[in-house]
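Novice: Chains as they are written, first to last, in the numbering used here: chain A, 1 to 284; chain B, 285 to 575.
Treat the hints as calculated values from the structure; they're not laboratory data.
Don't take every hint at face value.
Covered by chain A, per the in silico footprint, the following chain B stretches (three or more residues, Cβ under 8 Å) [stated by the list, open to error]:
(1) 344 to 356
(2) 390 to 399
(3) 426 to 432
(4) 455 to 468
(5) 531 to 545
One-sided and incomplete, this derived list gives chain B residues near chain A with beta-carbon spacing under 8 Å [to be verified]:
(6) P326
(7) L412
(8) A548
Source: prediction; values computed, not measured.
Every residue, glycine too, gets a C-beta built ideally from N, C-alpha and C.
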Amino acid sequence: MAPPLRPRRRFRRPSVIPGFGLTLGYTLTCLGLIVLLPLAALVVRASGLGLSGIWAVATDPRVASALRVSFGVSALAALTASVFGFLVAWVLTRYEFPGRRLVDAVVDLPFALPTAVAGIALASLYAPNGLVGAQLAKFGIEAAYTPLGIFIAMVFIGLPFAVRTVQPLIVEIDREIEEASATLGAGRLQTLTRVVLPPLIPAVLTGFALAFARGVGEYGSIIFIAGNLPYVSEIAPLLIVIKLSEFDYGGACAIATIMLGISFVTLLAINLIQAWSRRRFGYV
Amino acid sequence: MSEIATELPRPQPASVVTEGGLVRGLLIAVAIVFLALFLVLPLVTVFVQAFAKGWEAYIAAFREPDALSAIRLTLITAAIAVPFNLVFGIMASWAIAKFEFTGKNLLVTLIDLPFSVSPVVSGLIYVLVFGAQGLLGPWLIEHDIQIIFALPGIVLATIFVTFPFVARQLIPLMQEQGTAEEEAALTLGASGWHAFRTVTLPNIRWGLLYSVLLCNARAMGEFGAVSVVSGHIRGLTNTLPLHVEILYNEYNFVASFAVASLLAGLALVTLGLKSLLEWRYAGDIAASGRH
Chain A
1 MAPPLRPRRR
11 FRRPSVIPGF
21 GLTLGYTLTC
31 LGLIVLLPLA
41 ALVVRASGLG
51 LSGIWAVATD
61 PRVASALRVS
71 FGVSALAALT
81 ASVFGFLVAW
91 VLTRYEFPGR
101 RLVDAVVDLP
111 FALPTAVAGI
121 ALASLYAPNG
131 LVGAQLAKFG
141 IEAAYTPLGI
151 FIAMVFIGLP
161 FAVRTVQPLI
171 VEIDREIEEA
181 SATLGAGRLQ
191 TLTRVVLPPL
201 IPAVLTGFAL
211 AFARGVGEYG
221 SIIFIAGNLP
231 YVSEIAPLLI
241 VIKLSEFDYG
251 GACAIATIML
261 GISFVTLLAI
271 NLIQAWSRRR
281 FGYV
Chain B
285 MSEIATELPR
295 PQPASVVTEG
305 GLVRGLLIAV
315 AIVFLALFLV
325 LPLVTVFVQA
335 FAKGWEAYIA
345 AFREPDALSA
355 IRLTLITAAI
365 AVPFNLVFGI
375 MASWAIAKFE
385 FTGKNLLVTL
395 IDLPFSVSPV
405 VSGLIYVLVF
415 GAQGLLGPWL
425 IEHDIQIIFA
435 LPGIVLATIF
445 VTFPFVARQL
455 IPLMQEQGTA
465 EEEAALTLGA
475 SGWHAFRTVT
485 LPNIRWGLLY
495 SVLLCNARAM
505 GEFGAVSVVS
515 GHIRGLTNTL
525 PLHVEILYNE
535 YNFVASFAVA
545 SLLAGLALVT
555 LGLKSLLEWR
565 YAGDIAASGR
575 H
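The following block holds chain A by itself, in its conformation from the complex (with noise of 0.2 Å):
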């Protein structure tokens, strides 16, 4: 018996609209030389020194500490930024208040604000002299030129990925799933708890993912109040700048290569919490 007929497979659908050869083109083009050959030099230039390499980069003890400060610091920050990004999210769309479309606004500062500018002002306001760093000097804290300095630096600048993330979610519910759980008896904490927070989890889970892997990346807000001691407040973005102007390529390489290869774990997560997402519940 002769095989069914199968359509051959094609690259591409076919259609009257033209232009597919040029922009595709012209796409790949850019992209292979803008983003994908320089990263492909990292990748070369990081395979050169072996995992052993990069082991003993990543275990010296200032590599160690500045890889330890950048992701500890960036996880606190992004469950900070995930919690009062949640309910910044919630206030703005579940509550009537006058100014909503301001503070909506403002939201999306950390996104616009270059980052060395956030950085100087962070620096100048919770400086020993600083507007809020004389405040917290009475109760003995110190804010600049320690942890808790770029705990502040990555929480401003997660924020906005918390927000953005829960908040088209929050509108998207469906009022008449709570006012079914009102009805049957439900209060309306029980609602909340039992109802409208579990779609909204993985939403959540995401925005702290992005928090965090920006927050790891990040270096223009944080150095000015960091201090960039060694061992206690020194950043691995920082510490990679430190060895290209030690001409340690390799060195920078095998640090940049390590949080790569995080972000890159990091991102996995985030599409298997979208993927996991869709099947639960059906969207992301």
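We have chain A; now place chain B onto it with these hints.
Specialist: Same frame as chain A, now just chain B:
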């Protein structure tokens, strides 16, 4: 702000599906205090510090030749990087949104890649290619071409960090608009370019403007990536954000914040225009909801 948002859905007053008045007030207060303390206060600080010694000192910061050359370099960089990414974004979203082909999702992911790379690493990769010890270093030195520590490197790093801005805004928008209108235009005898100009472009113009605004803000404000490739040569390879850093590290705070206030002003204008576009043309900017 007496006017109430039309695009943010208006909360319903039904009592069973909201929190009590006291809780509501408390939550609003916490949110506003948090945002005021963490986001607004730093912005206000920039302007307060910039004018700390009065108008004269503020203006003096811009009389410096180094400041003027930093402004010039930032404008030149944005003037190259933004149009480049504009053209790339339109090309990429045309290919991706108007056609079905294998590997499309991978292509979209790769275009987004620069967003997940640390700014410092973005600079580093160009040093690895074009630096003196880089892959092309010896060849470039032989031909006396300078890329790192010069304008081309700054422009390249800026293009890299702003690479996805236009494309990621336009792709979902153009995907949602489909191809029916273009097909109709083509059937009626329009050329491809004519169909793009008279049908597609008017459909995406607000989304395009929106993404160009954000792309420009980032291009002018980028610090980490540019800092790595610039070499910090005063008056030559210093962009505005780098000039802010140098002045700050020299304890010249008034001048540093004065220059920073220029960038903060740019951020405010960007935010204002962005919000305006979101309120007036919400449906024309993004495919569904906000991103």
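Novice: Determine for every hint whether it applies to the structure shown.
Specialist: Quick rundown of the hints versus the structure:
Coverage of a stretch by a chain is defined here by at least three residues with a beta carbon nearer than 8 Å to that chain's beta carbons; for the segment 344 to 356 of chain B and chain A the count is 0, and the condition is violated. Requiring three or more residues with a Cβ within less than 8 Å of a Cβ of chain A, the coverage given for the segment 390 to 399 of chain B holds, as 5 such residues are present. Residues of the segment 426 to 432 of chain B with a Cβ under 8 Å from some Cβ of chain A number 0, which does not satisfy the need for three, so the listed coverage is violated. Only residues whose C-beta sits within less than 8 Å of a C-beta in chain A count toward coverage, and the segment 455 to 468 of chain B has 3 of them, enough to reach three; the restraint holds.
Proximity of the segment 531 to 545 of chain B to chain A, defined as three or more residues with a beta carbon under 8 Å from a beta carbon of that chain, is established by the 5 residues found. Against a cut-off of 8 Å between C-beta atoms, the interface hint on P326 of chain B holds, since the closest Cβ of chain A lies about 4 Å away. Because the closest C-beta pair between L412 of chain B and chain A is about 4 Å apart, less than 8 Å, the hint holds. Look at A548 of chain B: its Cβ gets to within about 6 Å of chain A, closer than 8 Å, so that hint holds up.
Hint check: violations occur at hints 1, 3; the rest are consistent with the structure.
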